[in-house]
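Just need the whole structure built from these sequences, with the hints factored in.
In the order they appear, the protein sequences are chains A and B.
Start counting the first sequence at 1; every next residue gets the next number (the numbering used here).
Start counting the second sequence at 1; every next residue gets the next number (the numbering used here).
This list has only true hints and no planted wrong ones.
Straight line, CA to CA, 16 Å or less: simulated EDC-like cross-link-like pairs of lysine to aspartate or glutamate:
| id | chain 1 | residue 1 | chain 2 | residue 2 |
| --- | --- | --- | --- | --- |
| 1 | A | K158 | A | E473 |
| 2 | B | K140 | A | D35 |
| 3 | A | K37 | B | E135 |
| 4 | B | K140 | A | D36 |
| 5 | A | K24 | A | D47 |
| 6 | A | K116 | A | D69 |
One-sided excerpt, in silico: chain A residues whose CB lies under 8 Å from chain B:
| id | residue |
| --- | --- |
| 7 | I71 |
| 8 | G77 |
| 9 | S78 |
| 10 | S89 |
| 11 | L91 |
| 12 | I96 |
| 13 | I343 |
| 14 | Q350 |
Computed list of chain A residues with no C-beta within reach of chain B, every gap over 12 Å:
| id | residue |
| --- | --- |
| 15 | M259 |
| 16 | E372 |
| 17 | K412 |
| 18 | F424 |
| 19 | S563 |
In short, the hints are calculated from the structure, not lab data.
Every residue, glycine too, gets a C-beta built ideally from N, C-alpha and C.
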Amino acid sequence: MKLMFEMPAEDELKFSDSVGKDEKRMYCVPYNFEDDKQVNGYICITDKYIYKLLEGELLAKYKLSEMNDFIAESLYGSCGFYAKINGESILICRFISGRNLPRYSVIVTACEMLAKGEGKEALTSNEPERFCPKCGRPFVVHTKICPFCQSKKDVYKKLWAMTKGLRLMMLFPLIAAIISIIFRFIIPYIQRIAIDNYIIPATGIQSGTFKGFILIVVAIITLDIVHRTISVIQGRMAAVSGNRFVRMLRALLFEKIQMLSMSSIQKKSTGDLMGRINQDVAVVQSFITSQMPSYVAMFFSFILALSLLIYLNPLMCLFVFIPLPLAIFCILKFKNIMQRRNIRAWILGQRTNRNLQDVLNGIRVVKAYGNEEDAVEKFVTCTKNQAKQDESNAKTFDTFFPIIGFIIHLGKYFIIMYGNILLFGGRMLVGELSQFNSYANIIYEPLLQITSIPRNISNFLTSLGKVLEILEEEPDVADCAMPINQKIVGNISINHVTFGYDSYNPVLKDISLNIKQGEMIGLVGHSGCGKTTLINLLMRLYDATEGEILVDGINIKDFAQNSLRSQIGVVLQETHLFSGSIRDNIKYSSPHATNAEVINAAREANAHDFIIGLPEGYNTMVGEKGYSLSGGERQRIAIARALIHNPKILILDEATAALDTETEKLIQDAINKVTAGRTTFAIAHRLSTLRNADKLIVLDHGELAEFGTHRELLDRKGIYYKLVMAQKRAELAKQNAV
Amino acid sequence: MVEDKEIDLLNDDDIFARRISVRLTPQNAKFTRSANDLISMEFTNSNGTVEFFERVVPLRAFPITDPDEYIAIRLPETKKKGKGFEIGMINSISDFDEATQKLIDEELSRRYFTPDIKKIYSFKEKFGFYYCDVETSSGKISFVMNNPTSNIRTLEDNRVYISDIDGNCFEITDPNKLDKLSLKKIEIYL
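Next comes the structure, spelled out in structure tokens:
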């Protein structure tokens, strides 16, 4: 991310005038608002002063040593860079959030350091830009692809490289297409011979020529059959090679997504990833297998037809081309109009759908508040608008489309007219005319499609870009050169770890702890303070920005990811069960477990009883389309899943939802069994879990606030004390209410 | 579940001690312009003590429907403690004198910077993004939008809000007052 911008000449001049001789230029970033106008100004920061420059004017100069409390605040539609100078608050500048907020977040840290006299080295940030450095336009969402600057050559080169194994197969359709074109042009010629030399003079038949005519007819029929056979073969080959290509691409894409680290997957939504695998690959396929070959064929046919027409009769060729500009203009206009209308119809359709989904999902609330009539009225308005638009669109289309058709074929009427003049004047034969007509048709055919070619090509390039982007991405969290693969004992050290999902916004700040094997550690803190983040770091789903985590004295980055994670067990807050049987789900972490082991794990987790009670026992299908289990049952299956492969380190993210007392007891007992003798990290909400913990960690806004046993922390009467007391009050209140 | 160090829990309210937000009127709140053009406030508590805040931040409760009513006055955000707590709320900006109204309005219009679009020069779609050039009350501005169906919102009184890819917001007070060409360009999204 760029922190040193080049200023325009006038600002640069003013800056050099104002800056002191011994000052070092450290950062230069743009700002965008002044009073009530959008502007292009710059904030230039040296190691001593902050300069605010706009259009060659020095608007302000602040001394860093007099300042503190820098902050970048989000306003509505923009952001402000605030600080305190000599104890008084000041607004330094305002800037556009999307583009510049990450920059200013680093600037804030930098200024804090400079104000204290530290930070003589300029800070850098690895945050990726969301805007193209060349043209300033935004990248395609979630990618680094700038549609304007993207080099088409590069994309095509990569695509070509991917078709390695299939090139031979893709050659056949091309050959077939060429043969097909040749036939298309030969047949009218033969027909012309047939008509001119045989059919027309047929009135004065000479016996000898009849044989020749039969030959011609046979020739036509044979050519036609061959032509169609080749088409069939071509179609099949195109389908096979196209589909193989797509299958390979989809598999590659999915595999790559699996291997990517958590951070890049989190940045993209599931919908986006699914879209890339399904739709983008489909767009690429449709382009490669059907659109591109047809464009190539169209192009060659056009050239060939054009040359033949000019050769046959240049004047009449002109007639063919006269209406073309008008036709293309009308088609473009028509398409634009229809597209606007279609977009509007689509938007109205979406509104109706959203309304429908909203109301139907919340039908209980609608009925509870008695708002059925309101809901009906709203829906009727939506559908009425949509229907009106659809009707209008249909009318427009049906009125104009036939007119367009007529204009397109205008050329044909000219040909017929002029052709007949020539015919009757004896300067042209019928057969010739017919051949000419056939070639002219070839030119008119693609007319309707020509206007959509640019859009299809650009869609293809964008989709291809999105697919390639994933294929080429390097996973953030990668195994090092020689990953270690060894059995873990369970001693964990966290040394000065700092981490943030956005590098400028640390969620964990300088955390240090030591945990011995077998200890159970409870993690507490208010929501959003970093508990789940710490756990994510332990599982190495993300790498810490600063500091290190050691397991048995070895940095977790040096472990092979597979080896590390297979020795860590996880019970998360939201239990996700895959579609499959209960047995499959329990065996998920340990695919080679025997039935006996599955049952044992279930017994330990207090899940066996309810599973046996199900009609299909351990074979019951659960997950998306299967049997619906209750929250407590899912938790226990998750515990069994974590137990079965006997992990040395266990991570437990307690569900916050309260369950009935009996289930609570069962789960508590299961948790106790599962944590015995294992190094456990538990994000705990229940008092009982907290009391059993060997040590407790209290996080406050990402910092390690308190560390000690339950007793010690209660005595301190700090944050932990407040949390425990609050929970006790809640329980007391519940009891009293009952 | 009995703990040794049990205290009279039900009456131990300082655990949840928080500042309670009060209604601010000219009687208990005096707003002044700070040294660097931000807002300072002198606040008189119900028990008579006076507090002086070097900088306070006004926030609109209903920025889109009722911008001049229910303005919350808070302490500024800090890196350590996150969002500042609310000192009080102004029921209606007209409760205060003209000078104060002007002061608070200035700060609010800086915070809620939403230029009013007067004319749309171009609105072209390319590669999934919409590039727009418009004339606003703050001069000529170019911006990029990425999803017009969800980023162009029409409100109950026909005002239109447009948000661009950077988070900037623009407003059209009355789409019918726009000239025909401009209206044509965006009417499909209204």
